[in-house]
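**Q** Residue numbers (the numbering used here): 321 to 392.
It is possible that some hints are incorrect.
As the list claims (entries may be wrong) - Pairwise CB distance ranges (calculated): (1) Q340 - G378: 13 to 21 Å; (2) Q340 - S379: 28 to 36 Å; (3) Y363 - L386: 29 to 37 Å; (4) N373 - F351: 29 to 37 Å; (5) G388 - T350: 28 to 36 Å; (6) T365 - T387: 29 to 37 Å; (7) S379 - K358: 24 to 32 Å; (8) A346 - A366: 12 to 20 Å; (9) P352 - N384: 28 to 36 Å; (10) S379 - I344: 12 to 20 Å; (11) T365 - G388: 27 to 35 Å.
None of these hints come from the bench; they were simulated from the model. Keep in mind it's a predicted model, so treat the numbers as computed, not measured. Using N, Cα and C, we set each Cβ at its ideal position, and we do this for glycine too.
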Amino acid sequence: MRSFAWAICTVAALGATAAQAQKINAAGATFPAPIYQKWFGEYHTAHSDIEINYQAVGSGAGINQLTGGTVD
321 MRSFAWAICT VAALGATAAQ AQKINAAGAT FPAPIYQKWF GEYHTAHSDI
371 EINYQAVGSG AGINQLTGGT VD
């Protein structure tokens, strides 16, 4: 009976982990940000397990954040 309870807990934990959305953080140019937001929203609608966060901070700042490892 103990092994059955352990198996149920393990499956429940794996299911809870799989249900969380993967988050992608990005930063870059301000000009294309409106179309990016539209595209990312549509992508999230089709793939609810992936969430994209885009910060329009300017292309130079986006490059700095990428090389600094603060965005994906």
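**Q** So, for every hint listed, does it hold in this structure?
**A** So, going through the hints one by one against the coordinates:
{"no.": "1", "hint": "Q340 - G378: 13 to 21 Å", "verdict": "violated, 31 Å"}
{"no.": "2", "hint": "Q340 - S379: 28 to 36 Å", "verdict": "holds, 31 Å"}
{"no.": "3", "hint": "Y363 - L386: 29 to 37 Å", "verdict": "violated, 20 Å"}
{"no.": "4", "hint": "N373 - F351: 29 to 37 Å", "verdict": "violated, 18 Å"}
{"no.": "5", "hint": "G388 - T350: 28 to 36 Å", "verdict": "violated, 19 Å"}
{"no.": "6", "hint": "T365 - T387: 29 to 37 Å", "verdict": "holds, 31 Å"}
{"no.": "7", "hint": "S379 - K358: 24 to 32 Å", "verdict": "violated, 19 Å"}
{"no.": "8", "hint": "A346 - A366: 12 to 20 Å", "verdict": "holds, 18 Å"}
{"no.": "9", "hint": "P352 - N384: 28 to 36 Å", "verdict": "violated, 18 Å"}
{"no.": "10", "hint": "S379 - I344: 12 to 20 Å", "verdict": "holds, 18 Å"}
{"no.": "11", "hint": "T365 - G388: 27 to 35 Å", "verdict": "holds, 31 Å"}
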